[in-house]
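Okay, here's what each chain looks like letter by letter:
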Amino acid sequence: MSNRSVTHSTFVIERRFDASPARVFNAFADPQAKARWFSGPPEWGPDISEMDFRVGGRETNRGGAPGGPVHSFDATYQDIVPNERIVFTYDMHLDDVRISVSLTTIELTPDAGGTRLKFTEQGAFLDAFDKPALREEGTKGLLDALEASLKPDH
Amino acid sequence: MTACKVVHDTIVIERRFAVSPARVFAAWSDPNARDRWDVPGDDWVIAESEHDFRVGGREYSYFGPRGAPRYSGDGTYLRIIPDSLIVMAGTMSDETGPMSASLSTVEFQAGGPGTLMRYTEQSAFMGDETAAMRIEGWTEIFDRLEVELKG
Amino acid sequence: MVERLARGPASVSELAQPLAMSLSAVVQHLAILEASGLVRSEKIGRVRTCRIEPAALNMAEEWIAQRRADWERRFDQLGDYLASLPEVSTRQE
Chain A
1 MSNRSVTHST FVIERRFDAS PARVFNAFAD PQAKARWFSG PPEWGPDISE MDFRVGGRET
61 NRGGAPGGPV HSFDATYQDI VPNERIVFTY DMHLDDVRIS VSLTTIELTP DAGGTRLKFT
121 EQGAFLDAFD KPALREEGTK GLLDALEASL KPDH
Chain B
155 MTACKVVHDT IVIERRFAVS PARVFAAWSD PNARDRWDVP GDDWVIAESE HDFRVGGREY
215 SYFGPRGAPR YSGDGTYLRI IPDSLIVMAG TMSDETGPMS ASLSTVEFQA GGPGTLMRYT
275 EQSAFMGDET AAMRIEGWTE IFDRLEVELK G
Chain C
306 MVERLARGPA SVSELAQPLA MSLSAVVQHL AILEASGLVR SEKIGRVRTC RIEPAALNMA
366 EEWIAQRRAD WERRFDQLGD YLASLPEVST RQE
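Protein chains in written order, with our numbering: chain A, 1 to 154; chain B, 155 to 305; chain C, 306 to 398.
Hints are supplied without guarantee of correctness; some may be wrong.
So the derived label-pair ranges between C-beta atoms look like this [stated by the list, open to error]:
id, chain 1, residue 1, chain 2, residue 2, range
1, A, Gly113, C, Ala370, 31 to 37 Å
2, C, Glu377, A, Ile48, 21 to 27 Å
3, B, Thr284, C, Pro391, 41 to 47 Å
4, B, Val173, C, Glu366, 32 to 38 Å
5, B, Ala172, C, Arg378, 45 to 51 Å
6, A, Val55, B, Ala201, 20 to 26 Å
7, A, Gly67, B, Ile235, 27 to 33 Å
8, C, Pro314, B, Ile167, 21 to 27 Å
9, B, Tyr214, A, Lys118, 27 to 33 Å
10, C, Glu377, A, Thr109, 17 to 23 Å
11, A, Phe53, C, Ala374, 20 to 26 Å
12, B, Val301, C, Arg378, 46 to 52 Å
13, B, Glu249, A, Trp44, 41 to 47 Å
For the record, the hints were derived by calculation from the structure and aren't laboratory data. By construction, the Cβ of each residue, glycine as well, lies at the ideal position given by its N, Cα and C atoms.
Pulled out of the complex, with its shape left as it was, chain A reads as follows (with noise of 0.2 Å):
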């Protein structure tokens, strides 16, 4: 088999909120709503990020662990309908490898009062374009946290 391939992926989370889509929609749209949910594990620190919610627009968050490569999300807003759908592609850098590319569907339907949020990611995965940099940069960063979590200090 040849390396040249790209690895094709689909997967859905579904979750229920007990908010009004408009409220929900709004914690994806409001800058300030959103960061306070959409960022990394806590050991991470804050996150650096901008976005502009419209269609065309994009966003971008940065964050990593202290010592780790840097994860960097980058999205294109495609579809934009209040309260009911979002539509986005984004991808992944570690450090500056793009490992994956996403389109990424959020339905939201009303719910007795609440939210049904559903979230859909169809993902390509670079992988094997990226081999020798991603042992390098990526990997390479994951085992020196693991390894510093390591220290006998620690």
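Given chain A's structure and the hints, the job is docking chains B and C onto it.
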């Protein structure tokens, strides 16, 4: 609009061409070549197009049946590896609004005497279009690509 | 140590040499890396050679699972955030 429904689907189309990956890749990267083959029928036309073939560059075309173009495809190149890979993302719309958003991957592999091209499109369909219709469209387009590569 | 292994397989003593660590500390450290599935070692004769497990390095599935886990975590945070919002006095029917 109320109760908009989104259908997610992935299509994969593979084609073999009797020319090198470099030649197949060039049919995608050269704007003039691209406008010759990238329409789904002889009676279809491209009224306007922009192929800014570089990462971050825009990929746009306004096309449709001769005399009545009504579709527009608007996207961005996300990744380009010469002779190997093209990744694009964008939307397709008609006069009523967006029909789909797609992530498209085109892979070129040298194989046998020519090239194996694999086109994968991961789509969110927001209108009446289906994956089967999309496959039909691409089949027509890739038939034209084959003619282009024979020329 | 991991940096050294990323360049290629090495014996335990080769790994210990540039580090200010005792051989037993290195062995202990390697045992943890091995248990995590990231490093594999093999004993040939009297020499134990260590290498990074390639399968653990570049698995698409792992990356995709990571994407899912990221989103699950974000949605947990979204739920907490929405729950923290004040009640609305007028409800739209």
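To see whether the hints hold, each was checked on the structure:
| no. | hint | in the structure |
| --- | --- | --- |
| 1 | A:Gly113 with C:Ala370: 31 to 37 Å | holds, 33 Å |
| 2 | C:Glu377 with A:Ile48: 21 to 27 Å | holds, 23 Å |
| 3 | B:Thr284 with C:Pro391: 41 to 47 Å | holds, 44 Å |
| 4 | B:Val173 with C:Glu366: 32 to 38 Å | holds, 35 Å |
| 5 | B:Ala172 with C:Arg378: 45 to 51 Å | holds, 50 Å |
| 6 | A:Val55 with B:Ala201: 20 to 26 Å | holds, 22 Å |
| 7 | A:Gly67 with B:Ile235: 27 to 33 Å | holds, 30 Å |
| 8 | C:Pro314 with B:Ile167: 21 to 27 Å | violated, 42 Å |
| 9 | B:Tyr214 with A:Lys118: 27 to 33 Å | holds, 30 Å |
| 10 | C:Glu377 with A:Thr109: 17 to 23 Å | holds, 19 Å |
| 11 | A:Phe53 with C:Ala374: 20 to 26 Å | holds, 25 Å |
| 12 | B:Val301 with C:Arg378: 46 to 52 Å | holds, 50 Å |
| 13 | B:Glu249 with A:Trp44: 41 to 47 Å | holds, 45 Å |
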